[in-house]
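Peer 1: Protein sequences, first through last, are from chains A and B. The numbering used here numbers the first residue of the first sequence as 1 and each following residue consecutively. The numbering used here numbers the first residue of the second sequence as 1001 and each following residue consecutively.
Simulated from the structure, these hints should not be mistaken for laboratory data. Just so you know, even glycine gets a beta-carbon here, dropped at the ideal spot from N, CA and C. Take these hints with a grain of salt, some might be off.
[Unchecked claim] Derived list of chain B stretches under chain A, where covered just means 3 residues or more per stretch with a C-beta under 8 Å from a C-beta of chain A:
{"no.": "1", "stretch": "1020 to 1026"}
{"no.": "2", "stretch": "1111 to 1124"}
[Said to hold, decoys possible] The list that follows gives simulated cross-link-like pairs (lysine to any residue, SDA-like), each with its CA atoms no further than 25 Å apart:
{"no.": "3", "chain 1": "B", "residue 1": "Lys1006", "chain 2": "A", "residue 2": "Glu285"}
{"no.": "4", "chain 1": "A", "residue 1": "Lys365", "chain 2": "A", "residue 2": "Gln350"}
{"no.": "5", "chain 1": "B", "residue 1": "Lys1004", "chain 2": "B", "residue 2": "Arg1104"}
{"no.": "6", "chain 1": "B", "residue 1": "Lys1026", "chain 2": "A", "residue 2": "Val298"}
{"no.": "7", "chain 1": "A", "residue 1": "Lys85", "chain 2": "A", "residue 2": "Gly136"}
{"no.": "8", "chain 1": "B", "residue 1": "Lys1085", "chain 2": "B", "residue 2": "His1108"}
{"no.": "9", "chain 1": "B", "residue 1": "Lys1006", "chain 2": "A", "residue 2": "Met289"}
{"no.": "10", "chain 1": "B", "residue 1": "Lys1027", "chain 2": "A", "residue 2": "Val298"}
{"no.": "11", "chain 1": "B", "residue 1": "Lys1025", "chain 2": "A", "residue 2": "Leu300"}
{"no.": "12", "chain 1": "B", "residue 1": "Lys1026", "chain 2": "A", "residue 2": "Glu285"}
{"no.": "13", "chain 1": "A", "residue 1": "Lys465", "chain 2": "A", "residue 2": "Asp389"}
{"no.": "14", "chain 1": "B", "residue 1": "Lys1027", "chain 2": "A", "residue 2": "Met303"}
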Amino acid sequence: MTNRLVSFFQRFNPLTQRNVFILLSILIVAAASLIIVNYLTIKTLSAVRAYTNGESQYSKGEKGAARHLIMYVNTRDETHWEQFKQELNVTFGDSIARVALSQEDGNLEVIKKGFLQGRNHPDDHDDMIWLFRNFGRISFMANAIAIWKEADGIIHREYLLAEEIHTKIKAGHWTRADQDEVISRINSITGLLTAKEQAFSSVLGDASRRINGYLFVANFFFTLIIIGSAIGYGASMIGKIMKSQRELESKNTDLTITNHELDNFVYSASHDLRAPITSLKGLIELANMEDNVAQIKVYLALMQQSLEKQDQFINDIIDFSKNKRVSLQLQEVSLVELIESALNQHRFMQGAEKIKMHTVFGTDKAHSDPLRLSILFNNLISNAIKYSDEKKEQSFLNVETFATDTHHVIIVEDNGIGIRSEDQKYIFDMFFVTQNTNKGSGLGLYIVKEAVDKLGGSIAVESEKNAGSKFIVQIPKNHVVSLEGVAPMDHAK
Amino acid sequence: MKPKCKFLIVDDNEVDQMVTRTLLKKKLAVEDVSQARTGSEALEWLKVSGDTIGDCLIILLDIQMPEMDGFEFLEAYDEVDESVKHKTTIIMLSSTLDPTDIRRATDHKYVKSLFSKPVPTGLLDELMGAQA
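Input sequences plus hints: build the corresponding full structure.
Peer 2: Have a look at this one:
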């Protein structure tokens, strides 16, 4: 389970900074949309409710008016006439508001007064105006308004009929036949209006139910997006934390190893620096006791040998440090020049005069780091001279370069004392020295290996005891910086 | 005068071998000095020349050597015949500054003492006197 969780989070690791930003943006936009959609739908539903309520007031007013008109016709009592007009006024108010709203620059005062007259609650007025103005052309509201307009027209006809009745009654021309006909007409008008009022309610009811449905879908959709983005974001954060924790642990391990290596290095280096000094102290003590000048000269020669060894060791340490600390400087370099210069530097080394040096250059220009390359060539050439075999009639040192499709290959070959096969796998280890010699610091080939690694190349050895050694170095033509091969401090600089 | 001991120098550095050998000869008049370049050579020498030791053998053992270093030699020395070990004194001779090496050397049951190079003949003489 834990493993599946880890691999789940690991899959979120590719989330880059940019992707996380996009995810956050989606989250914010979705949340904002959700708030806006909810606000607007609630406002719409509230306005729809206000209109439904308005319709109910309209309907009550119209029904009341019709009842009073019939009472008036039956009793000819003027009080009913006044009450008829008062009730009908409710529908007139709504009508005034509708007409004003339909105009582009309808006066707000007039509209609100109309709604108030139509017995709509003042708090609802703003929502009602907003819905009319913004949704007036949209199907459901347009339908409702059309029905409303027709109803207003019918009300107008009712009013005209009432005026006619009122005039006739005032004039005393009222007959029994008139009364029957009028009542029938009033009933027919009321019937028509009831139908319109029901249609109006039904349109708004439908709309509000549909809006409810949309609101649910929108809420569901945005909530899903928000939850999805939040989970994605959270997972990527947890993934990042887990990743950085793993990195931290591996760095800690590296650091412990580095510290340990550093301690080892300091003690080994101090031993190797001290060894020639203690030899020197012994030789001085011997020379002090000696009267024979020839013997003293022998001791002096040994002193020089010890000092040269120490000098070489110090040079190796400096190369080692350069190789570690100096960052790669990739540039156009001439392999021929670097190799020639390394050979020239060693021409006067002890034993070099007896060695026949031969070069074959099949490739020259490379894109690489000159410092690493010269460390490499100097060490391989100095080794070939140092470990030449005095028993051989003619010692040689051959350096050959050639190119493959992808690499420059440099071969340094000698017929020196060679390396025992059991030692060959250790020769690139730090402070490893072979048994049969006192000449090495155990650093040279270690530095060579490190330099080759930094150049992204490889080194191999073919050797046989007493026959000679052949080192084959491959340097890539296109250096690809590998993060593993290069120490972190190179990047920090 | 104590009985003359035989010496075995175990050191890969030829200059140091020569210096130690000459100092023993000139300061302590020791003539019978053998040498080995590695721990394994020293073991081989003990195997071959174990019965020619005579009364006593002093091994001057370097720490850092290729192939088999001083400590590896001491481990292998455990297997050496008791009669040889009985007559043998091991003194470590090194230029090390590593505290781990120094502790390992001074704490080791087979190591009589740890000296810094070049061999301090005065101390060596005292040690031999005390032993005899």
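Peer 1: Could you run down the list of hints and mark each one as holding or not?
Peer 2: Cross-check of the supplied hints:
Taking a C-beta to C-beta cut-off of 8 Å, the stretch 1020 to 1026 of chain B contributes 4 residues in contact with chain A, enough for the three needed, and the coverage statement holds. Coverage of the stretch 1111 to 1124 of chain B by chain A holds in this model, with 4 residues showing a Cβ closer than 8 Å to a Cβ of that chain against a need of three. Of the pairs offered as hints, the one joining Lys1006 (chain B) and Glu285 (chain A) holds, with about 23 Å between alpha carbons and a cut-off of 25 Å not exceeded. A hinted pair counts as satisfied when its Cα atoms are at most 25 Å apart, and Lys365 (chain A) with Gln350 (chain A) does not qualify at roughly 31 Å.
Between Lys1004 (chain B) and Arg1104 (chain B), the direct Cα distance comes to roughly 29 Å. Violation of the 25 Å bound is thereby established for this hinted pair. About 17 Å separates the Cα atoms of Lys1026 (chain B) and Val298 (chain A), which keeps this hinted pair within 25 Å; it holds. Distance hint between Lys85 (chain A) and Gly136 (chain A) is unfulfilled; the C-alpha atoms sit about 30 Å from each other, more than 25 Å. Distance restraint check for Lys1085 (chain B) and His1108 (chain B): the Cα-Cα separation of roughly 14 Å lies within the 25 Å cut-off, and the hinted pair is therefore satisfied.
Annotation: proposed proximity of Lys1006 (chain B) to Met289 (chain A) holds, straight-line Cα distance about 23 Å (limit 25 Å). With a CA separation close to 19 Å, the supplied pair Lys1027 (chain B) and Val298 (chain A) stays within the 25 Å bound. Distance restraint check for Lys1025 (chain B) and Leu300 (chain A): the Cα-Cα separation of roughly 20 Å lies within the 25 Å cut-off, and the hinted pair is therefore satisfied. A C-alpha spacing of about 11 Å is found between Lys1026 (chain B) and Glu285 (chain A), which places the hinted pair at or below 25 Å, so the restraint holds.
Between Lys465 (chain A) and Asp389 (chain A) the CA atoms are separated by roughly 11 Å; this keeps the pair inside 25 Å, and the hint holds. Proposed proximity of Lys1027 (chain B) and Met303 (chain A) is supported: the alpha carbons are some 21 Å apart, at most 25 Å.
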